[in-house]
Amino acid sequence: MYVREEEFRKLAGIVEYKPVARYSYSAGQALSEFLRGLKDGRILGKLCPSCRRVLVPPRVYCEHCFKPTTEWVEVPGTGRVETAVISYIGTARERLEKPEIIGVIRLEAPGYTEGSFDFAGLFHKLCGVTEDDVISGRAIGMKVKPRWRPPEERKGSILDIECFEPEGGRR
Amino acid sequence: MKPNIFVKDKVGIVGAGLTLFRRRLLETPRELAWEAAREALNSAGLTLKDIDCVVVGSAPDAFDGVHMKGEYLSDGSGGFMKPTVRVFVGGGTGVMVPVVAWWHVASGLCRTVLAVGEEKMSHAHPHPQGVFAYIWDPILERPLGPNLIWIFALEMRRYMHVCKASKEDIALVSVKNKRNALDHPAAQAAASITVDDVLKSEVLVWPVQLLDISPVSDGAAALVLASESVARRVTDTPVWVEGVGFTLDNAHWYNRDLAYPRYLEYAARMAYRMAGIERPWKEIDVAEPYDPFDYKELHHIEGLMLARRCEAPSLLREGYFDRSGDLPTSPSGGLLGVGNPIAAAGVMKVAELFWQLRYEAGARQVKRPVHKAVANAWGDLMQAGTVVVLST
Numbered sequence: 000m001y002v003r004e005e006e007f008r009k010l011a012g013i014v015e016y017k018p019v020a021r022y023s024y025s026a027g028q029a030l031s032e033f034l035r036g037l038k039d040g041r042i043l044g045k046l047c048p049s050c051r052r053v054l055v056p057p058r059v060y061c062e063h064c065f066k067p068t069t070e071w072v073e074v075p076g077t078g079r080v081e082t083a084v085i086s087y088i089g090t091a092r093e094r095l096e097k098p099e100i101i102g103v104i105r106l107e108a109p110g111y112t113e114g115s116f117d118f119a120g121l122f123h124k125l126c127g128v129t130e131d132d133v134i135s136g137r138a139i140g141m142k143v144k145p146r147w148r149p150p151e152e153r154k155g156s157i158l159d160i161e162c163f164e165p166e167g168g169r170r
Numbered sequence: 000m001k002p003n004i005f006v007k008d009k010v011g012i013v014g015a016g017l018t019l020f021r022r023r024l025l026e027t028p029r030e031l032a033w034e035a036a037r038e039a040l041n042s043a044g045l046t047l048k049d050i051d052c053v054v055v056g057s058a059p060d061a062f063d064g065v066h067m068k069g070e071y072l073s074d075g076s077g078g079f080m081k082p083t084v085r086v087f088v089g090g091g092t093g094v095m096v097p098v099v100a101w102w103h104v105a106s107g108l109c110r111t112v113l114a115v116g117e118e119k120m121s122h123a124h125p126h127p128q129g130v131f132a133y134i135w136d137p138i139l140e141r142p143l144g145p146n147l148i149w150i151f152a153l154e155m156r157r158y159m160h161v162c163k164a165s166k167e168d169i170a171l172v173s174v175k176n177k178r179n180a181l182d183h184p185a186a187q188a189a190a191s192i193t194v195d196d197v198l199k200s201e202v203l204v205w206p207v208q209l210l211d212i213s214p215v216s217d218g219a220a221a222l223v224l225a226s227e228s229v230a231r232r233v234t235d236t237p238v239w240v241e242g243v244g245f246t247l248d249n250a251h252w253y254n255r256d257l258a259y260p261r262y263l264e265y266a267a268r269m270a271y272r273m274a275g276i277e278r279p280w281k282e283i284d285v286a287e288p289y290d291p292f293d294y295k296e297l298h299h300i301e302g303l304m305l306a307r308r309c310e311a312p313s314l315l316r317e318g319y320f321d322r323s324g325d326l327p328t329s330p331s332g333g334l335l336g337v338g339n340p341i342a343a344a345g346v347m348k349v350a351e352l353f354w355q356l357r358y359e360a361g362a363r364q365v366k367r368p369v370h371k372a373v374a375n376a377w378g379d380l381m382q383a384g385t386v387v388v389l390s391t
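Protein chains in written order, with numbering that gives the first Met the number 0: chain A, 0 to 170; chain B, 0 to 391.
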């Protein structure tokens with residue numbers, strides 16, 4: 000048997016519960032250094048000595064080769080939009096007043112061939128990209144760069160990058 | 000190529016059962032599991048005494064707000080004083096349940112297994128989307144305030160770009176599956192809709208709109224699997240599990256091309272190899288590709304190698320995947336039409352193929368003769384591929 004939301008609320012024996020849980024996550028060996036880099040306005044990757052890929056975001060091991068990664072490599076931060084969407088809803092499905100544009104950015108990094116299946120990349124917000132750019136497909140392949148928060152506002156967080164914005168030239 | 004796997008016993012499915020799929024079912028998770036389990040046992044003409052082992056599948060604990068959900072559900076699933084395990088690979092759980100049940104029997108460890116998938120998503124308020132927030136990486140992803148639909152929209156947009164598929168092409172999946180579900184007695188979201196209805200529905204995360212997505216559902220589904228000798232004793236028409244496959248891609252979903260489900264191709268190759276299938280696009284007669292979103296069915300048809308890359312949208316337009324088509328997909332109505340109680344939905348897909356292969360699907364029975372079938376499920380951060388290949 001099933002009911003509608005309004006009827007559900009009136010039923011006997013409905014138990015409400017709100018969990019209370021707080022977490023403090025450590026970012027780990029690779030991402031802590033990555034976040035320190037962001038604070039300095041730098042995007043850091045880590046080199047796999049075996050397949051020569053520079054992994055961004057960095058990890059202490061390369062999952063392809065299962066070998067420890069070695070050198071830290073700064074990547075330029077520029078890249079191309081791999082895919083982009085327009086969100087009209089927030090985390091709990093509430094409607095947003097102003098839609099957000101989100102994308103995956105394929106970063107320029109050593110060790111990958113053009114158009115490779117695996118790539119160095121980040122998931123972030125896009126600014127200066129319009130809803131129409133997303134719908135028409137113009138946004139995809141667009142050359143973008145990070146828009147950094149002012150140094151004094153950076154906290155060593157992925158949000159030290161405010162968003163990725165068009166670099167000017169469009170493919 | 001010979002499968003690099005030791006199989007002691009051939010495994011057959013001998014029974015299946017489902018509850019209704021609905022939002023806000025009043026039964027508890029255990030009660031739902033029990034209903035589906037009992038129906039599956041009845042359909043096989045067996046009782047719990049005949050069952051050696053139990054496999055229970057359910058997705059994130061956070062939906063129920065109860066940890067150790069597998070243990071919590073186990074007695075309703077028949078897992079009382081028997082070897083019992085809980086399986087969880089996100090949305091891939093539903094097809095992982097029969098995969099795990101298969102190896103319990105194939106190894107010779109158990110002669111009979113009761114395999115149950117259960118999900119109750121409607122507990123979480125105001126919307127289960129809030130609970131989905133905990134699947135994101137806490138360091139790099141959660142600070143962006145993501146909604147789960149973001150990743151699917153990103154993947155759909157990439158697929159549309161690479162395959163030059165339009166929103167209209169993709170909406171046809173929703174139209175087909177919701178229409179197929181009109182003949183399914185358990186269906187929650189069966190409807191006769193048009194492409195236009197999909198394109199006019201609420202835009203959530205463009206390109207994903209309300210009618211592109213399966214609903215929030217509660218429900219349970221169960222199967223009974225048995226070794227060959229038991230299966231032949233209890234039924235004249237067992238459905239054999241000929242191949243199983245499962246793969247995880249990495250959690251760095253933004254480090255790979257989302258246009259193609261690599262996780263699924265690997266899992267499918269494993270299952271086809273075991274089943275001796277070399278040309279799935281010719282040899283598979285009916286399929287239940289995992290369709291929590293409409294584009295996902297097309298994506299999975301390609302990952303299962305039932306169509307060439309980017310070819311699924313044009314075949315769909317031609318009616319190739321209709322119930323009357325050459326290769327019917329989601330004849331049940333899928334997650335889009337029947338509903339998506341996560342772990343139960345995958346089991347429902349395998350149950351549908353069980354009925355299709357026994358010609359017991361009634362109004363849903365596909366037109367063409369059927370002998371071999373494949374189902375898949377998918378989950379986690381675009382990661383998990385789970386596949387079963389069935390035959391008569």
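The hints are simulated quantities; they were obtained by calculation from the structure and are not laboratory data.
Glycine included, C-beta positions come from ideal geometry on N, C-alpha and C.
Take these hints with a grain of salt, some might be off.
Estimated spans, in silico, between C-beta atoms of each pair [claimed, not checked]:
| no. | chain 1 | residue 1 | chain 2 | residue 2 | range |
| --- | --- | --- | --- | --- | --- |
| 1 | B | D60 | A | Y24 | 28 to 36 Å |
| 2 | B | H370 | A | Q28 | 51 to 59 Å |
| 3 | B | G107 | A | Q28 | 18 to 26 Å |
| 4 | B | S191 | A | D39 | 57 to 65 Å |
| 5 | B | T46 | A | M0 | 40 to 48 Å |
| 6 | A | L10 | B | F79 | 52 to 60 Å |
| 7 | B | E201 | A | G155 | 20 to 28 Å |
| 8 | B | R308 | A | R51 | 22 to 30 Å |
| 9 | A | K154 | B | L47 | 55 to 63 Å |
| 10 | A | A91 | B | T46 | 38 to 46 Å |
| 11 | B | G107 | A | F65 | 29 to 37 Å |
| 12 | B | C309 | A | P48 | 32 to 40 Å |
| 13 | B | Y133 | A | K154 | 20 to 28 Å |
Structure-based check of all given hints:
no.	hint	result
1	B:D60 to A:Y24: 28 to 36 Å	violated, 19 Å
2	B:H370 to A:Q28: 51 to 59 Å	holds, 53 Å
3	B:G107 to A:Q28: 18 to 26 Å	violated, 44 Å
4	B:S191 to A:D39: 57 to 65 Å	holds, 59 Å
5	B:T46 to A:M0: 40 to 48 Å	violated, 26 Å
6	A:L10 to B:F79: 52 to 60 Å	violated, 29 Å
7	B:E201 to A:G155: 20 to 28 Å	violated, 38 Å
8	B:R308 to A:R51: 22 to 30 Å	holds, 28 Å
9	A:K154 to B:L47: 55 to 63 Å	holds, 57 Å
10	A:A91 to B:T46: 38 to 46 Å	holds, 44 Å
11	B:G107 to A:F65: 29 to 37 Å	holds, 32 Å
12	B:C309 to A:P48: 32 to 40 Å	holds, 36 Å
13	B:Y133 to A:K154: 20 to 28 Å	holds, 22 Å
Checked against the numbered hints above, the structure violates hints 1, 3, 5, 6 and 7; every other hint is satisfied.
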